[in-house]
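Q: Using the sequences provided together with the hints, build the complete structure.
Number of protein chains: 2
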Amino acid sequence: MTNETTENQINQQMNDTNIDNLLFSDLLPANETGYEATRSFLLKIVDILLDFIKESSDRSTKIVDFHQPNQLKQLFDFTIPENPKNIQQILNDCKQCLKYQVKTGHPHYFNQLSCGLDIVSMAGEWLTATANTNMFTYEIAPIFILMEHFVLEKMRNIIGFPNGDSILAPGGAISNLYAIIVARHQMFPEYKTKGLKALPQLVLFTSEHSHYSTKGAGATCGFGTDNVIEVPVDANGRMIPEELERLVKESIEKGHRPFFVNCTCGTTVLGAFDPINPLADICAKYNMWLHIDAAWGGGCLLSRKHRHRLAGIERAQSVTWNPHKLMGTLLQCSTVHFKRDGLLIECNQMCADYLFQQDKHYDVSYDTGDKVIQCGRHNDIFKLWLMWRSKGDTGYEKHIDHLFDMTHYLVKRLKEEKDKFHLIWPEPECVNVCFWYIPTRLRNNEKNREWEQELGRITPLLKARMMNEGTLMVGYQPLGDKPNFFRNIISSSGVKPKDVDFLISEMDRLGHDL
Amino acid sequence: MTNETTENQINQQMNDTNIDNLLFSDLLPANETGYEATRSFLLKIVDILLDFIKESSDRSTKIVDFHQPNQLKQLFDFTIPENPKNIQQILNDCKQCLKYQVKTGHPHYFNQLSCGLDIVSMAGEWLTATANTNMFTYEIAPIFILMEHFVLEKMRNIIGFPNGDSILAPGGAISNLYAIIVARHQMFPEYKTKGLKALPQLVLFTSEHSHYSTKGAGATCGFGTDNVIEVPVDANGRMIPEELERLVKESIEKGHRPFFVNCTCGTTVLGAFDPINPLADICAKYNMWLHIDAAWGGGCLLSRKHRHRLAGIERAQSVTWNPHKLMGTLLQCSTVHFKRDGLLIECNQMCADYLFQQDKHYDVSYDTGDKVIQCGRHNDIFKLWLMWRSKGDTGYEKHIDHLFDMTHYLVKRLKEEKDKFHLIWPEPECVNVCFWYIPTRLRNNEKNREWEQELGRITPLLKARMMNEGTLMVGYQPLGDKPNFFRNIISSSGVKPKDVDFLISEMDRLGHDL
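If you read the sequences in order, they're chains A and P. Sequence positions in the first sequence follow this note's numbering and run 25 to 538. Sequence positions in the second sequence follow this note's numbering and run 25 to 538.
It is possible that part of the hints are untrue.
Note that the list lumps identical chains together, so a pair holds whenever it fits in one copy or between two copies.
As the list claims (entries may be wrong) - Derived PhoX-like pairs: lysine-lysine, alpha-carbon spacing no greater than 20 Å straight-line: (1) Lys78 to Lys68; (2) Lys221 to Lys278; (3) Lys329 to Lys506; (4) Lys520 to Lys439; (5) Lys119 to Lys97.
To be clear, the hints were calculated from the coordinates, so they are not data collected in a lab.
A: Structural data, given as structure tokens:
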């Protein structure tokens, strides 16, 4: 058999029909001669993904082809078969799956704190998948472990923690949990062996508008949610320092020990920034740990124009900052930073020398496994590093400024259309814009409690129309005494003024007769 | 301008030089006409990834080009620049990064519980990245949320939990933590609001060979590590039921409340399986929650030949099972299952109605955000679902059986080469094989304590030689009174008998003169 014949045979084998009939066992690694088949399969997958990317950026396509759960169960074959499905079916599964998936990168998707699809970050995540490693030792993830060192050090420098330590965690809630357990460890190290029953009743404080993860960690870590005190906020959703001090004093009078204050920079709904400096003063006075949950607002630190919102951040002991939010990194990418080095390892190490040997032939201080509560960790750094390399600091600053510029444009347009839209907080601090849509019949009504209730009833109805049409996605929720209202988020770099204009006209088109 | 001219211009623009000089801002989504550039960029990324995949399956290539941390810092530019790097540099970054990364999919990589690179699972992870969604609501992840329902239900059926509930978590340690907090919630629901100080001292039990995550959760959740009691194991590394009962009684005598037993199915080092049935009897007798940490051994449930190792698993209240280990799914994919439905939500919900609205236009029982401690979650289901579709149940059974067949072949070969290798536990229960390598000078020595100590000193030296040559990776650790020994893992479907033969000859080549 000549070489030519072999090659023809391979080419023959590689034509569409033949690839499609292959099974997983014809691919690498099960079949060691399966490289060409593997390559063809992956290129077909990439074609499917490229189609999805193209559609996600095409303003004339739907964001979602929405179906109720019971319908979707009929439309899509979720079952696991007894016998293997061939490559054709696997490719078809991928196509079908994307058909029903929400296009979170679509410029008309304003629904979550994480919107958009950064292509470089996505390429980074493809590479991460292919490298398929675990972030617990330098031995098996050398380049990525060092990358974490460099990027996290840079982030600490931006915060104003010249020394310190950091870790990437699976989401902001776990980052906040890290801050709480590290604070507890530094202040009451005996808890680690003896447990909380050996300590006075510890108490945490967080604003009533803060993310529920502080309360959640209060339950998980054994403090009890009764001991996570919610501090009242002002009319703009910011924690009131005087109220914090009053509640701290109350707690001390009960014989409890206030030890932790969570200061939110960028609340979930309003995007409010708690005032750091007055809270830091109170923490210093009462010997409490100041944590800043900047999961949402942290990205502002990259912009000279917007970083003033976090003035005083360097006074905190710890900071949560999620690049997967304002910075547009792919999900998930969450970081938590500590002013003092050594705390993470002191808090979390269980001295599992069967996993983290101390006699390796390299400097094992680079191994992170004993610093975390997770043991193994997904590689969440590469997609951030690559994206930041592609943008540089100046490109990231432009990205952040663009999101705020688009937000200001939206606020301006909503004010212009004030018969159709009621801005609830007219001067947003972040890219959250909260408003009611007003259908025709309610435009001339008195703006009283009953009117608000009616707008609150209309909100989910309009959302349902948006979902069923699939043309626009904006989230909604109630908050305090405000019934359901829309909270629009601009965190995708793909959003342009024309998308803001579309948002306004489309809501009116869908909702005017409600 | 004719259409033809435009197309030529685009083609011109797409040639290598031009793409390479582009910036991120020329791609989607910042540049809405950037689809062709985006496509070219991604195809180049895929070429780089395909090269890595090809090398990873080429037995003549190195697994790792190892450098000490300080050297690697010189060789690779980790810095974040002030200004954007162009596409050429981004592509080069990806290439360089993979050059220094360990090829965890290489058939001579036997280093971790997770080895291998399943191509279908990897394709699934590429799609997951492109879909870039968050698993907290049906609204934004409809297809993936339902996929979780189907796959987790199937896993519960395999375990023997016909009802119940499950969740995917970021790694086995967090899965075990879920089991502990859910157990605490069911048995002592008042902890949630009042905290642990309102309860008697709760005590947990786990074997001295178990993963350190139970002890870690003991600290995190406020019990204190003194209250996580290590139960002695027998000569094969299995928890001794009589010792458990003795320690439970001791604890009760102290006035403490034993409430949780962690039974490991597949220990980290030996791969031992604690005896489920006797432990379940003791749990029933003393009203304790039985959790099974089958993060490692869970995959055996897919094989009729090997599932007997977990006989009695359906008697547990909860089970951790990591598809990213024996099942070969890409990192991370960890699941935790509960026999009783409703517990996860009761334990973890914080009623954040500003996030999880109850008045949506679909059945919100599908939303998972309020069931978890993380709020947002990475999509870890698609890579598992797609892989399982491609293999079917029969293909997965073959996969598991193949890993055990290769392990038996390794054990047989080591026994044949008993002058060069000393099997420490000659009849492994899982795919962990633990042994010392014996260099020439020690082959005729008496096998006493001193001889073992010397072999233990040699182990890290041989490991260093493997890393520096880059031809083979096998992990090592001490355990109990056994000094450093190798623990070989076969969890990659790419491993063939010739790779086992290579392992043996290569260790001898590198180590005989030590």
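Q: Determine for every hint whether it applies to the structure shown.
A: Hint check results:
1. Lys78 to Lys68: Both: 15 Å inside a chain and 17 Å across chains, each within 20 Å.
2. Lys221 to Lys278: Intra 17 Å, inter 15 Å, cutoff 20 Å: intra and inter.
3. Lys329 to Lys506: neither (31 Å within a copy, 60 Å between copies)
4. Lys520 to Lys439: This pair counts as within: shortest intra-copy Cα distance 18 Å, inter-copy 69 Å.
5. Lys119 to Lys97: within (16 Å within a copy, 42 Å between copies)
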